[in-house]
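*Asks:* Construct the entire structure; sequences and hints are all you get.
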Amino acid sequence: MAQYSLSEIKTRRDIRQWLDFPAKLYKGDKYYVRPLDKEVEQVFDRKQNKLFRHGDAARFLLKNEKGKIVGRIAVFYDEKTSATYEKEENGQRTGGCGFFDCIDDQEAANILFDTAKKWLEERGFEAMDGPVNFGDRDYFWGCLVDGFTDPIYNMPYNYPYYSKLFENYGFKDYFKQLTYRREMTVGGFDPILHEKAKRVYGNPDYTFEIIDKRQIDRYADDFLTIYNKAWGVIPGTTKLSRQHAVNLLNQLKPVLDPRLMHFAYYKGEPVAFFLMMIDLNQIYKGLNGKDHFFNKLRIFWRAKVARVCDRAISLVFGVVPEHRSKGLEAGLICSLEAQAVKRRFKYKDLQLNWIGDFNPPMLKIAESAGAKLYKTHITYRYLFDRNKPFTRAKLQGVKNKDKSNNNT
Numbered sequence: 000m001a002q003y004s005l006s007e008i009k010t011r012r013d014i015r016q017w018l019d020f021p022a023k024l025y026k027g028d029k030y031y032v033r034p035l036d037k038e039v040e041q042v043f044d045r046k047q048n049k050l051f052r053h054g055d056a057a058r059f060l061l062k063n064e065k066g067k068i069v070g071r072i073a074v075f076y077d078e079k080t081s082a083t084y085e086k087e088e089n090g091q092r093t094g095g096c097g098f099f100d101c102i103d104d105q106e107a108a109n110i111l112f113d114t115a116k117k118w119l120e121e122r123g124f125e126a127m128d129g130p131v132n133f134g135d136r137d138y139f140w141g142c143l144v145d146g147f148t149d150p151i152y153n154m155p156y157n158y159p160y161y162s163k164l165f166e167n168y169g170f171k172d173y174f175k176q177l178t179y180r181r182e183m184t185v186g187g188f189d190p191i192l193h194e195k196a197k198r199v200y201g202n203p204d205y206t207f208e209i210i211d212k213r214q215i216d217r218y219a220d221d222f223l224t225i226y227n228k229a230w231g232v233i234p235g236t237t238k239l240s241r242q243h244a245v246n247l248l249n250q251l252k253p254v255l256d257p258r259l260m261h262f263a264y265y266k267g268e269p270v271a272f273f274l275m276m277i278d279l280n281q282i283y284k285g286l287n288g289k290d291h292f293f294n295k296l297r298i299f300w301r302a303k304v305a306r307v308c309d310r311a312i313s314l315v316f317g318v319v320p321e322h323r324s325k326g327l328e329a330g331l332i333c334s335l336e337a338q339a340v341k342r343r344f345k346y347k348d349l350q351l352n353w354i355g356d357f358n359p360p361m362l363k364i365a366e367s368a369g370a371k372l373y374k375t376h377i378t379y380r381y382l383f384d385r386n387k388p389f390t391r392a393k394l395q396g397v398k399n400k401d402k403s404n405n406n407t
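Position 21, counted from 1, in the sequence shown is what numbering that gives the first Met the number 0 calls 20; the numbers after and before it change by one each time, with no gaps.
No wet-lab data here; the hints were simulated from the structure. Take the hints with a grain of salt, since some may be wrong.
[Said to hold, decoys possible] Capping the alpha-carbon separation at 27 Å, the derived lysine-lysine pairs in DSSO-like fashion look like this:
no., residue 1, residue 2
1, Lys29, Lys295
2, Lys67, Lys37
3, Lys49, Lys228
4, Lys238, Lys37
5, Lys238, Lys252
6, Lys9, Lys62
7, Lys363, Lys197
8, Lys79, Lys37
9, Lys303, Lys347
10, Lys347, Lys29
11, Lys238, Lys228
*Replies:* See below:
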């Protein structure tokens, strides 16, 4: 039995070791792309991450008897997010663990999971989700279980043995996150999709437009309105503030392609969006997580001069409840198709990522767009009371009688 020692992250040197470990673990893996260190550190910056107002986080490193790092983990909670989980069927106070990386050793993984569990138990929590982010769901969220190829920006990449480490510990599948892919060519859409789009285009009350960079604040307001109505009510998500929405779009502005950002309006009021972006991993690959001066030049060259990005990935798709099933989903997708036929549209690969299996309507939309299942991630949940019934994430967008989702 190996001898392991655990330490909490306290110093700058600790932080550097914690950030550097995955790059060493994945050395030689042709698919691994290290995220920018600053994007990871923003998660744990108490001034930048608003979740620290109602929560806390800690990070740990695991070393073997020779002092070599063999694993890392972060553990955290946010009282507002936890409150949404408490309202669920068989609900409980739920925290999270994430940024998990480990050698293929169950004992080492168990020490990391035990540490996260104990930390949360001491703060009154009864369950933990993982691997998840201490922040937005579209970053650093889920364990890759199928589709071990080029990872896209903001979606985790890990070795195939990770799922075994989680499941052997006792984590269960809370929900799956599915990525659908298709070549960005005109055609291949379900004819019914086009028929639905034609009907909604024929209604003068509905209008569609792509984003205008000169009016970024207006679109931030529209994004905020739609997101909070469409996503803010789902367990595990919290409503966005206006500042958060403005910051998000302003951060994207340097690499934002208006042809990938689509909004729908009803009598001038924002009711739906389909937002995509370039796959930044095609730019970040080989930068080793650093954004120093020379790497910034490389980023600029790849994005603006060489234009290496030929892959578009989804950020978020949302329709406010009162306008669902009216054809807006089809209208937004066909709006993107209309851009694809125009000159200088360079994207060849379209990936619709982070579609929860709790969202059947969105799965149907992806399939009707001619996309095929490409990757699968799992968000796991571990109940501290091992005798408590386990309930998967509640289905969204279906009739009440159909909302059971394989409870065990």
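*Asks:* Output the indices of the hints that this structure fails to meet, ascending.
*Replies:* none
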